[in-house]
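Undergrad: Protein chains in written order, with the working numbering: chain X, 1 to 741; chain L, 1 to 286; chain F, 1 to 162.
These aren't lab readings, by the way, just hints derived from the structure by calculation. One thing to keep in mind: the hints can contain errors.
Claimed, not checked - For lysine-lysine, the following DSS-like pairs were computed, each having C-alpha atoms within a straight-line distance of at most 27 angstroms:
1. X:Lys430 x L:Lys253
2. X:Lys256 x X:Lys224
3. L:Lys31 x F:Lys4
4. L:Lys51 x F:Lys4
5. L:Lys160 x L:Lys31
6. X:Lys49 x X:Lys149
7. X:Lys259 x X:Lys75
8. L:Lys51 x L:Lys31
9. F:Lys4 x L:Lys24
10. X:Lys149 x X:Lys212
11. X:Lys138 x X:Lys659
12. L:Lys160 x X:Lys659
13. X:Lys659 x L:Lys47
14. L:Lys24 x L:Lys51
15. X:Lys212 x X:Lys224
16. X:Lys430 x L:Lys272
17. F:Lys4 x L:Lys47
18. L:Lys272 x X:Lys659
Just so it is clear, the structure is predicted and the values come from calculations on it, not from any experiment.
The primary structure of each chain is shown beneath.
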Amino acid sequence: MLREKVIGRPVPRKEGLDKVTGRAQYVDDLTFPGMIHGVTVRSEIPRGKILRIEYGPGIPWNEFIIATAADIPGKNAVSLILDDQPCLAIQVINHAEEPVVLLAHPDRYVLERARLAVRIVTEPLPAVFTIDESMSGKTTVWGEDNIFKSYHLEKGNVDAAWANADYIIEGDYETGAQEQLYIETNGVIAVANPHDGVTVWGSMQCPYYVQKALMTIFGLPAEKTRIIQTETGGGFGGKEEYPSMIAAHAALLAWKSGKPVKLIYDRAEDMAATTKRHPSRTRHRTAVTKDGKLLAMDIDFAIDGGAYATLSSVVLSRGTIHAAGPYSCPNVRIRSRAYATNHPPRGAFRGFGAPQSIFALERQMNRVSAAVGLSPEEFRRRNFLQTGDTTATGQVIREKVDLAGLLGRALEASSYQIKKEQFAAQNRGKQAVRKGIGFATFMHGAGFTGSGEQHLKSVVGVEATAGGRVRILVASTEIGQGTQTILSQIAAETLGLNYEDIEIAPPDTASVPNSGPTVASRTCMIVGKLVESASVGLKQSLIQAGLLAGGYTADAFRAACRSYIAKFGALRSFSQYEAPPGIRWDDERYQGEAYAAFSWAAYVAEVSVDMTTCEIRVDDFVALQEVGRVIHPVLAKGQIEGGVAQGIGYAICEHVVSKNGRMINNQMTNYVMPTAVDLPPIRVFFEENPYSYGPAGAKGLGELPLDGPAPAILNAVENAIGRPVNRIPLRPEDMMEILNA
Amino acid sequence: MRAFVPDYEMITPRTLAEGLRMLKDEPGVWKPFAGGTDLMVLLEAGKLDHKRYLNLSHFMELRGIFADSSGSVTIGALTTYTDVLRSAVLRVEFPLLAQAARETGTIATQNRGTLGGNIVNASPAADSPPALLVYNAELELISADSSRWVSYSTFHTGYKTTILKPEEIVARIRLQRPASEWRQSYRKVGTRRAQAISKVCFAGACAMENGRVAEARIAFGSVAPVPVRCRQVESLLAGERARPSLIEDCRRKLLSEIAPIDDARSSREYRKRVAQNLLEEFLRAL
Amino acid sequence: MREKVRVRLLANGKTHEVETYAMARLLDVLREDLRLTGVKEGCGEGECGACSVLINGDLVNSCLVPALQADGASITTIEGLAPNGHLDRIQTAFVEHGGAQCGICTPGMILAAVHLLQTISTPTEEQIRGGLAGNLCRCTGYASIVEAVKHASANILEPPQP
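Generate the whole structure from the sequences, applying the supplied hints.
TA: Pasting the structure below:
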């Protein structure tokens with residue numbers, strides 16, 4: 001096998017230079033001639049009827065563009081999975097910060113003054129804020145029963161299994177909301193009018209999602225709804241679906257004013273009004289033999305979806321499928337529901353349901369192992385999925401998987417055994433600082449669930465330019481993870497060209513096909529594979545035209561492209577997604593191949609608990625994962641490090657404080673994310689096991705690192721203090737309550 | 001950014017005297033503006049009610065750290081936290097203040113934030129006040145035609161209220177060099193390990209004599225509407241050996257001198273217990 | 001409404017005279033009047049450091065500086081680091097070590113690193129993390145940034161790359 005020239009190498013990022021020189025242009029850096037500014041007036045109450053809007057005195061209202069739901073040309077709905085979320089509220093409010101009125105004016109200062117002068121007069125209605133309140137049915141706030149979606153998955157015969165159990169262990173686990181906290185807030189610029197249609201530039205992950213939403217809101221065809229992604233300062237899921245809302249708002253103001261409208265959220269607004277990770281509650285009931293073999297898992301998984309459906313059904317889906325984890329268990333029942341509450345709608349955040357259910361599972365597995373009298377690692381070893389075993393959805397694991405090996409190497413790298421003994425000795429007696437070590441083992445499915453990728457039918461294009469370079473045409477966006485770089489590497493390798501010969505078209509719906517959203521850890525594995533096949537197609541066209549022979553040089557390729565274009569006008573190759581063989585999914589019974597491929601991981605956390613202040617510090621972190629193939633070592637390492645950092649925040653310091661359904665710590669001062677001083681060095685190890693349907697064997701890894709840190713850290717904390725800890729965020733205040741209970 | 005910036009005014013007086021004159025002539029109309037690290041945050045949140053400011057930030061006569069032969073160190077009110085960190089005499093002789101400076105904000109805010117501005121902003125969660133209280137700091141309050149020295153312990157009268165008159169500014173902070181052999185400790189418990197607002201902040205200094213407490217000075221931030229000196233706890237300690245039963249008494253006594261609250265950052269219960277724990281930690285080390 | 005004031009700034013070696021409100025944020029003056037859009041707004045409360053610039057060599061958050069107080073100051077923004085396209089050693093190290101992912105924190109982060117290395121030319125890991133504690137990054141977990149700064153400090157004697 002020839003040695004690869006580009007894949008697996010730390011080539012310079014395509015996106016890199018502009019970012020370190022300040023030349024990269026984010027949406028707020030752009031100005032258009034005649035541009036005016038927009039702002040959103042939002043509800044202050046979580047639920048109620050809108051009686052009227054009052055425009056206060058002292059503001060030159062005639063200078064303003066004012067838009068309300070009445071100005072929406074098409075349908076007043078931000079179309080996603082359902083159409084339940086209005087673009088602007090008309091008669092009812094279902095969450096605090098719900099958008100009601102839009103204002104635009106050339107002067108940003110005057111605009112803010114006007115925003116404060118608009119009064120939305122409401123009649124409050126009872127609101128629901130927790131899963132319990134929603135479940136109780138006392139107040140119906142959505143549909144018939146407050147349930148956006150539910151799933152019920154059965155494997156084997158759970159009910160019969162209890163009789164054979166030597167131990168039955170129960171556990172309840174909870175996770176809180178989490179803010180994505182991209183350092184660049186949401187923002188867009190829109191140009192729109194009834195004649196030409198709508199064009200929006202902005203910070204986003206999925207230009208085609210925005211296009212679809214705006215087509216519905218404006219009643220326009222695709223050709224008149226153009227969406228262009230600008231340099232995006234972080235997304236993490238927070239800019240998966242939300243940008244459709246802000247884009248619609250800016251476009252409405254542009255439509256009405258005839259001027260370009262820039263709409264940028266300040267931090268306080270972004271934090272209070274936009275999506276968060278779904279809070280969750282999981283109940284486990286596990287039957288196990290005295291030898292520590294899993295007999296049955298009965299799992300109840302509930303998430304808080306906020307006021308509208310948005311993506312809750314899919315978050316629930318992923319959380320449900322990952323709820324039983326990388327273990328072989330003959331009998332599994334998972335019942336899950338996404339509940340409506342009157343918080344701002346929850347949405348996508350890296351991990352997308354899996355961090356929630358995996359947190360519960362990995363804590364429960366430690367609880368079970370303790371009950372049986374086995375070490376957590378031995379218990380895992382006795383129950384890990386092996387090649388040929390089936391998951392909770394009945395998916396047969398066909399690839400080579402060696403979780404025991406992964407775990408062993410992670411434990412080795414973290415000196416787990418030695419430290420565990422050392423800490424046990426150190427912790428005896430009254431210590432000022434208690435230390436602990438813990439781990440989590442897990443998997444994460446890449447790509448859309450089940451038949452999702454088949455429904456998406458993603459298309460990727462590759463074209464040759466007149467100069468003989470190759471340009472990739474995808475709607476997949478660069479949001480920090482290095483999309484342009486890895487897709488260029490894949491194309492270069494496939495075509496035998498230099499990495500420098502590949503360029504990538506800007507994600508503009510007018511000129512790139514829909515390669516699907518930049519989510520679900522699919523960009524490398526799914527879109528990358530399509531880049532590979534489209535590149536092959538390009539090569540074939542040249543070969544079939546007699547312009548290229550085997551063993552060609554880069555120069556010959558360039559010359560062949562130029563000849564082809566001179567002769568035929570253009571050289572383009574498109575590839576559309578086809579599921580690998582053997583992907584069968586039953587949406588009704590939630591059975592079958594849930595994901596085409598899983599990445600597998602073992603994470604180890606070492607913690608200190610300061611007994612004076614109850615503060616938890618993560619002193620060392622080992623993240624070991626098998627991801628098929630590492631396309632770019634620096635980028636891949638960066639994904640894991642960044643994801644682990646977010647996972648550490650999720651576990652111990654990021655806390656959304658709500659009062660009457662409104663986030664009250666919506667500033668960076670009071671919503672605490674880790675600084676450079678708060679994090680340990682994060683030690684990353686990759687293992688490779690090429691996946692046949694991934695580009696160069698790669699699987700997905702973008703979200704994997706969010707699944708492991710919270711359970712690993714809490715397992716370590718339990719190891720340190722000898723008491724169970726079952727809720728995150730686990731802040732010092734919570735630790736104090738636990739220690740003093 | 002939520003302020004209507006065109007409504008705000010800031011002027012730079014030509015001299016300090018001219019600035020003080022303006023404060024005296026139109027009391028309450030103008031307010032002094034130093035490094036701006038507190039006031040600008042309020043401005044951006046749309047919460048800066050006062051609209052007219054005198055820019056005092058470049059008056060060098062109010063900046064600097066001077067040690068004199070009489071045993072006192074005088075710090076100009078416009079001394080920045082970076083200045084404090086660079087001062088050898090503060091590092092050696094007033095380590096609690098140096099440590100407080102290190103924990104205040106970040107390098108960027110330390111380069112701009114001033115000790116005087118921090119004192120006048122009067123947040124009970126500020127990092128320096130406990131250290132200043134322990135060092136029996138005095139403040140020089142000056143106006144166009146007056147000057148008075150006050151004990152810092154009398155400066156704060158309630159949540160964000162002080163004895164500063166509208167025409168006055170804080171000009172200098174004076175600390176008496178402590179006698180040697182003081183055991184000193186400063187500890188801030190924040191929302192994270194850097195760039196954090198304090199949940200509980202402790203400063204303690206103790207002079208020991210023959211194994212007994214000759215004099216104890218205990219101060220806390222973030223546990224009351226104002227930074228507090230815990231004089232009752234100090235009285236309990238005077239003349240005593242730091243034994244377990246005494247520590248227990250001090251823990252209990254502390255609760256009557258602090259009044260922590262629940263807020264978006266932390267809870268009353270947490271602040272209470274951590275304050276007690278920090279006190280105990282200090283006393284055990286004596 | 002107050003009168004605007006005239007503020008003179010030396011930004012990246014060039015003199016500018018700007019008419020603005022006395023308490024307009026320096027951040028907005030730099031971005032809007034001087035079109036130095038490399039300076040970013042991340043939080044508007046002095047917490048994230050994305051707006052960091054050097055004023056007379058000192059690292060400050062430009063969102064916390066009123067325009068009037070910047071009168072007469074010498075300001076360096078990210079645009080001033082590589083004036084002729086010759087990358088500063090820190091910029092090069094960021095590119096090589098993955099110090100920038102989405103890039104929004106990068107201008108401020110690089111200036112904080114410049115400031116750090118001016119103060120301590122070969123900092124320890126702890127000193128690097130402390131020097132960057134006022135600059136929040138959501139993408140990298142700081143690991144590759146710390147690595148980049150370590151590498152840059154080791155190259156202190158190397159000339160800038162063409």
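Undergrad: Run every hint past the structure and note whether it holds.
TA: We went through each hint and held it up to the structure:
In summary, the hint linking Lys430 of chain X to Lys253 of chain L is supported, as the alpha carbons are separated by about 24 angstroms, within the 27 angstroms threshold. Distance check on the hinted pair: Lys256 of chain X and Lys224 of chain X sit about 17 angstroms apart at the alpha-carbon level, within 27 angstroms; holds. A hinted pair counts as satisfied when its Cα atoms are at most 27 angstroms apart, and Lys31 of chain L with Lys4 of chain F qualifies at roughly 19 angstroms. Proposed proximity of Lys51 of chain L and Lys4 of chain F is supported: the alpha carbons are some 15 angstroms apart, at most 27 angstroms.
Taken as a hint, the Lys160 of chain L and Lys31 of chain L pair is honoured in the structure, with Cα atoms around 15 angstroms apart against an allowance of 27 angstroms. A C-alpha spacing of about 26 angstroms is found between Lys49 of chain X and Lys149 of chain X, which places the hinted pair at or below 27 angstroms, so the restraint holds. Distance check on the hinted pair: Lys259 of chain X and Lys75 of chain X sit about 22 angstroms apart at the alpha-carbon level, within 27 angstroms; holds. Distance hint between Lys51 of chain L and Lys31 of chain L is fulfilled; the C-alpha atoms sit about 9 angstroms from each other, no more than 27 angstroms.
With a CA separation close to 26 angstroms, the supplied pair Lys4 of chain F and Lys24 of chain L stays within the 27 angstroms bound. A hinted pair counts as satisfied when its Cα atoms are at most 27 angstroms apart, and Lys149 of chain X with Lys212 of chain X qualifies at roughly 23 angstroms. Pair hint Lys138 of chain X plus Lys659 of chain X holds up; C-alpha atoms about 20 angstroms apart against a cutoff of 27 angstroms. With a CA separation close to 24 angstroms, the supplied pair Lys160 of chain L and Lys659 of chain X stays within the 27 angstroms bound.
Taking the CA atoms of Lys659 of chain X and Lys47 of chain L, the gap is about 20 angstroms. The hint holds against a cut of 27 angstroms. Among the hinted pairs, Lys24 of chain L with Lys51 of chain L is consistent with the structure: their alpha-carbon atoms are about 17 angstroms apart, no more than 27 angstroms. Between Lys212 of chain X and Lys224 of chain X the CA atoms are separated by roughly 11 angstroms; this keeps the pair inside 27 angstroms, and the hint holds. Distance check on the hinted pair: Lys430 of chain X and Lys272 of chain L sit about 21 angstroms apart at the alpha-carbon level, within 27 angstroms; holds.
Taking the CA atoms of Lys4 of chain F and Lys47 of chain L, the gap is about 22 angstroms. The hint holds against a cut of 27 angstroms. For the given pair, Lys272 of chain L sits about 23 angstroms from Lys659 of chain X by alpha-carbon distance, which is consistent with the 27 angstroms threshold.
When each numbered hint is compared with the structure, no violation occurs for any of them.
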